[in-house]
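**Student:** Protein chains in written order, with numbering that gives the first Met the number 0: chain A, 0 to 361; chain B, 0 to 361; chain C, 0 to 361; chain D, 0 to 361.
There may be inaccurate statements among the hints.
Given that identical chains are not distinguished, each listed pair holds provided it fits within a single copy or across any two copies.
As the list claims (entries may be wrong) - Cross-link-like lysine to any residue pairs, in silico, SDA-like; alpha carbons within 25 Å at most:
id, residue 1, residue 2
1, K173, G288
2, K142, H111
3, K144, E361
4, K144, V108
5, K142, N175
6, K142, Y354
7, K144, R353
8, K192, S258
9, K144, V34
Since the hints were made in silico from the structure, they are not lab data.
These figures come from a predicted structure and were not determined experimentally.
There are 4 protein chains.
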Amino acid sequence: MKNTFGTSLAVSLFGESHGPWIGAVLDGLAPGIPVDESFIASQLTLRRPAGSISTARREADAFRIVSGVFEGRTTGAPLAILIPNADTRSKDYQRGPARPGHADYTAWVKYHGFEDYRGGGHFSGRITAALVAAGAVVLGALKAKGILLATHIARCAGIDDASFGENLSAELEKLNTLPFAVLDEVRGVLMRKAIEAAAAQGDSVGGILETAVLGLPAGVGEPWFDTVEGTLSHALFSIPAVKGVEFGSGFALADMPGSTANDPLRIRDGQPVTVTNHNGGINGGITNGMPLLFRCAVKPTPSIALEQQTVNPLTGEETLLRVAGRHDPAIIHRARVVVDSVTALTLADLLVLRYGTDWLAE
Amino acid sequence: MKNTFGTSLAVSLFGESHGPWIGAVLDGLAPGIPVDESFIASQLTLRRPAGSISTARREADAFRIVSGVFEGRTTGAPLAILIPNADTRSKDYQRGPARPGHADYTAWVKYHGFEDYRGGGHFSGRITAALVAAGAVVLGALKAKGILLATHIARCAGIDDASFGENLSAELEKLNTLPFAVLDEVRGVLMRKAIEAAAAQGDSVGGILETAVLGLPAGVGEPWFDTVEGTLSHALFSIPAVKGVEFGSGFALADMPGSTANDPLRIRDGQPVTVTNHNGGINGGITNGMPLLFRCAVKPTPSIALEQQTVNPLTGEETLLRVAGRHDPAIIHRARVVVDSVTALTLADLLVLRYGTDWLAE
Amino acid sequence: MKNTFGTSLAVSLFGESHGPWIGAVLDGLAPGIPVDESFIASQLTLRRPAGSISTARREADAFRIVSGVFEGRTTGAPLAILIPNADTRSKDYQRGPARPGHADYTAWVKYHGFEDYRGGGHFSGRITAALVAAGAVVLGALKAKGILLATHIARCAGIDDASFGENLSAELEKLNTLPFAVLDEVRGVLMRKAIEAAAAQGDSVGGILETAVLGLPAGVGEPWFDTVEGTLSHALFSIPAVKGVEFGSGFALADMPGSTANDPLRIRDGQPVTVTNHNGGINGGITNGMPLLFRCAVKPTPSIALEQQTVNPLTGEETLLRVAGRHDPAIIHRARVVVDSVTALTLADLLVLRYGTDWLAE
Amino acid sequence: MKNTFGTSLAVSLFGESHGPWIGAVLDGLAPGIPVDESFIASQLTLRRPAGSISTARREADAFRIVSGVFEGRTTGAPLAILIPNADTRSKDYQRGPARPGHADYTAWVKYHGFEDYRGGGHFSGRITAALVAAGAVVLGALKAKGILLATHIARCAGIDDASFGENLSAELEKLNTLPFAVLDEVRGVLMRKAIEAAAAQGDSVGGILETAVLGLPAGVGEPWFDTVEGTLSHALFSIPAVKGVEFGSGFALADMPGSTANDPLRIRDGQPVTVTNHNGGINGGITNGMPLLFRCAVKPTPSIALEQQTVNPLTGEETLLRVAGRHDPAIIHRARVVVDSVTALTLADLLVLRYGTDWLAE
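Between the sequences and the hints, there should be enough to build the whole structure, so can you do that?
**Tutor:** Rendered as structure tokens:
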């Protein structure tokens, strides 16, 4: 249903880039979950632009939880979080030519010109701040249940990060503390240089985010439609710039023979496990107890300083456009915490459906 | 909601590989849509195994529409289609070791051993026959509205098909008539030889399906969650073996600079169009009027004749398994019509949401 | 969503009065629930017309479960039940004048004349047979969980039945065995005589059904929208002829002072209970552990033999109509088992949402 | 889904009686609907307590629309309205004995003691202010489409108002301007005196609200589950104190013969109409173009000054309680605008489903 996602545990989003507040409502949270405002704040900091590789727009993200929390814990009633838009320079934005790669033209067609066009309005990546705040509540609850997840920049500007290694749990813990989440610091330095180089040319870069989830029980997900892949990808494609999602070995599976792709099973510590994990922890749409692995393709930021060919929907005329305002030469390092939030929200919904409304607090 | 997909126009699936009937229910169809049973039959034929590159299982697919159609047209009430399982050899299947790459183990965990394990039960690709029958009704209605879609085998066993060309409409029309849907016949021959070679080795192959949709109005989809990418991928990942979905240039966008990835706009015939289509006809989750383009990674068929290492969930012991019964060395050529059906159902749902319940028949 | 009801446990209906089959699909059932086909058959018998107070139409209701059950228990996959329409005399029905009190005219407007008009098509009370079959599966599972429910004809043709007494559990058990469900047999005889008298005049009668549910845990339901009252009434109003639903003392509460309507609380056997039960076991939309009580107003059967003034939608002309075919002078005694089914399905959905998908089989 | 209602056009609620803000989010509004803040304010005034028959709690209801409106019109993005809780005297409320007739005990059980108990928390009638604000936006849009609705106090404290008369349109227009909505002013005076008399005794009264909707097109609603009666009642039972809903002649239909209850049809001005309207404008769950009529039973306000017998859930002990704080001796006159809002939201959802997302602004 449009701006709401989830069935047993649902998140709703509202707000525009240049409105007074953006917000998220979480409905279906178990009562009694501790809400750690400092963790929410730190997640928002990870999403916030910083340094030479991000837009100059700065938001304090002075969020406020206005319902659903009482004496530090969830009440079971909807939890609403508001975040003020402190630093909005509306004069930077006028209805004008459609920015290529943005939703300006599609919003114009869909909303017949009534959309709030300032800064992308409701389509703005700014809205993901609300998603991150909501996700932080659920990430904390999942962690208390032994479910740990993190995302790294597997590729950026053509540079690959290292792959996940043997000690996945420690790697995930570490990634969650890094502002620029890579497994190999040296590659991270190269990526940042490449981002700065693109920025210097008035251009932007994209990449690939890779996520791992540990501790998910086997048996979660449905055989048709509400598969783990289907529900996760549904949510992940909401993240602006995500244009591809693959699970396990994903597109590389297309070139494997079945004898390789079929992860053989064996018993370890009394539990069936797979020897390889080409299927990314999912068979038949349902978790098999192995690490859940997926990757998101993130396109380069569409706001670039270079002049571009476009049209003005209002006049119906072709024009050249040099996008004014503040730009991110890359958003992949900021998007990573959005992926984590969306993943947490989606998995929690599947888990609550399976184990009941109180499970997340038990 | 589990085995149902769609909001304004929803499809529900039921049935097992070795039960008496499988079926689909379509709810939300406009009244007055002509239902062409011969087209349904021909779509089922495209899904059905045939020749040396498919399983020996043969189903007449003698479907029966038992409700929702009166005097050759939809009534507006739910349309239920039943397909009998004529050729079920249950003695080929006994509860035994979990077949690697299949849902046997995850079904065991999720359903606590109560699942119908014969032939994969409700997880069987057999259920896609019901999906194809339901999709055929909607494909016909979309075509009458000027919306044309088709899928080709863009890659199989490491062999690439040709790319879509200038005359996309004619290519789509032609693809829809081919049992083995490739743009370049010679590549198709090579692919089939590679499939036969894999079969000869007791192995299987996968590939990539690429779909194009023409004639979609701009302005369809939602900015958050119910994006075109999100809703389509949600449904596509239900197709057994699909492990990746990408839109437009997809994962290749990760390596492009923004100046390339941002499809510039111009006016052609009075309408804004993009010069390139790296975004696959979608900006901000919403159609922009360009062809909708996406690709699905299809893993190799998990049922192979080669001996595999696995476990028996019942006994908790490791074992070797040689899967008996009938196998497809590839399902990609059969899956293509399932992708078309799922695409038609998903897009029709978004269109009905936008234009109202009668639109599909107007 | 139209012909589907429920979130965690959903039921879908399809079929028409004169189609080959009607059916129901139950999605979200826990795996491992025993399915007692003889209980389904006996529930269908209670719904089936019988004797001088019912239509002459007779259906064997030779239902068939075609999926979701394996070796006598639910598998966790969708359970589909088909019921053939054996005794359809289509020649009795021609598109003609709209029968007053029926959906003939509204179906004509909504479906633009494409509806299957024979015998009311998809609007026919016949479809409730599928609902009863589906409900029977869930009623059995609820009973195994200690949740007992039954309905009596609290009023018919102006004659009141006795009220529920002290030994509610025994009364409910007994009601479930009666073809004509009244607490006071003498009143039942009077009701049946009144029905026969109406039939003799070519007319029909209505009444009030009262339902009690024992053993529901406290804490089920939601404060806004998905209240127990809201979800139950949503489903109950689908039963053809139900035009009013009230909980506890219902409309009589409108005339009570707060000091009477507020059921005082006390402790009995260590548990909070209410001294009275004017709120019908629900406060703030949530069960309080007392018996759930509600009443449905059932209008008189619209099919009557008397001549009626009406219009022919096809010609747009006024006309007189004498409805041919078979009529029920009352359906309240048959509707009671439909109320039970709808109640079981709705409560089970709320319970599964709260306690998880496996709860119903635990 | 819990605190959200609607499919094509959905409303979500959040907030607690003593939190900083309450709010509503409307998702699915067509772009371009004029938003009249003064009308929202006037609707909130009608809901607000006033004079000797209401609680002394006064709220300025200084609502703020924080998203979804741009330059005075809806944008098509979610519209979020926040209302501050200005006058909260939390010291009046301590967790203590469960107030009879309230949700205190059920909230305790459902939320395991984590609920915000102050002033009823999320169960408080205060939340209906957000519902009224959201409803006002939709009421305005419906009126622009020629759909007019209003509610009167059909009965209060045992005193009946006059019935709707011939000039229904003028009556509805007038009712919408009245703080105490009755058709017969003299009866209104008597009702208010009865309310004051109850207040003087520390008690409270209830009543019946009757709603009429004019201008609804025929053909809206679904045959099963999403009937007009089912969807409306689902929403109406969320209104605190509503314990019964009946359509048309409702429970009185139980005593009518079919020959009376079946509203005969005739042609007037070229359109089929019914001579009587016992079915309240709905046949088979679908509007027939006649006025939609329904009645809600409103129980007496549970907060009364009289001493009551109850239990303390925390200690598990019986106790006597005299509820401190501010009380309404009746809420029926304030609930009427909540009924209008809920009705508008529910009908708009059905209309948007049928006619498409843009319809409400066309």
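**Student:** Kindly indicate which numbered hints from before are broken by the structure, ordering the numbers from low to high.
**Tutor:** none
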